[in-house]
Amino acid sequence: MKLYTNPFSPNARKVLAVASELGIDLDMHTVDLQAGEQRSPEYLALNPNGKVPTLVDGDTVMWESNAILCYLGSKGDTELWPKSEKRYDILRWMFWDSNHLNKAGLKLFGQKFFSRGNPDMAVIESATKEFRRHAKVLDAQLANHTYVTGDTLTLADFVLALNFAYAPVLGVEFDDFENITRWWGALSERDSIKILSPG
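Numbering (my numbering), first residue to last: 1 to 199.
There could be a bad hint or two in this list.
[What the hints assert, rightly or not] Straight-line C-alpha distance at most 30 Å; calculated DSSO-like pairs for lysine-lysine:
#	residue 1	residue 2
1	K75	K112
2	K83	K129
3	K136	K107
4	K136	K75
5	K75	K194
6	K194	K129
[As the list claims (entries may be wrong)] Estimated spans, in silico, between C-beta atoms of each pair:
#	residue 1	residue 2	range
7	S84	K194	26 to 32 Å
8	N118	E85	44 to 50 Å
9	L22	A186	34 to 40 Å
10	F113	E173	17 to 23 Å
11	N99	E79	21 to 27 Å
These aren't lab readings, by the way, just hints derived from the structure by calculation.
In this text, all values refer to a predicted model and were calculated from it rather than measured experimentally.
All C-beta atoms in this analysis are idealised placements derived from N, C-alpha and C, irrespective of residue type, glycine included.
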């Protein structure tokens, strides 16, 4: 399997983390985003969005990082993506992240890395409040669970963990969320989860 990636991409890091956890070796191809390689006709033929990551496995071409995670998870018999109805609960939290927690994180990411040194403090304040409001929902979920969907590590944990791997560089504090702090503390000891960290 070939993964088109870039070290700056948080979503690409998420795919690499899951691949590491599953022991899947990927043939890595770095897409030079600064040079505009993602807009080349050859790359757009693989991913019409012109973004990374993109996974190519024979005739199968996958884009959208969460879809790639599910694809990788389906390659074996693993609790990360179990062959049971638990998948629906995992998907629920993955969709929830895309529409709530990560959406707030992306606003902060944009201000941190793409504001050209002139961040909009009103956007930062609003997005930080939004992030923490949604984090409260996750903290409540983790009050009675070791991991997001129960007692086993799943794709949902990797998806949600990305937010907290980036939280320090985005200026978001979450120490007052006791359950998230406990969950993140345990997760961050895993070699695969360390891949999520921006540095």
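Checked hints:
Using a Cα cut-off of 30 Å, the hinted pair K75 and K112 is violated, with the two alpha carbons roughly 36 Å apart. For the proposed pair K83 and K129, the alpha carbon gap of about 37 Å is over 30 Å, so the pair is violated. Using a Cα cut-off of 30 Å, the hinted pair K136 and K107 holds, with the two alpha carbons roughly 18 Å apart. At roughly 34 Å between alpha-carbon atoms, K136 and K75 are farther apart than 30 Å, so this suggested pair is violated.
For a cut-off of 30 Å, the pair hint linking K75 to K194 stands: about 23 Å separates their Cα positions. For the given pair, K194 sits about 26 Å from K129 by alpha-carbon distance, which is consistent with the 30 Å threshold. Against the hinted window of 26 to 32 Å, the Cβ-Cβ separation of S84 and K194 comes to about 29 Å, which satisfies the hint. Separation of N118 from E85 is about 49 Å and conforms to the stated range, judged on CB atoms against 44 to 50 Å.
Taking 34 to 40 Å as the suggested C-beta distance range, the pair L22 and A186 does not conform, at roughly 19 Å. Against the hinted window of 17 to 23 Å, the Cβ-Cβ separation of F113 and E173 comes to about 19 Å, which satisfies the hint. Roughly 25 Å separates the CB atoms of N99 and E79, a value that falls within the hinted 21 to 27 Å.
Checked against the numbered hints given earlier, the structure breaks hints 1, 2, 4 and 9 and satisfies all the rest.
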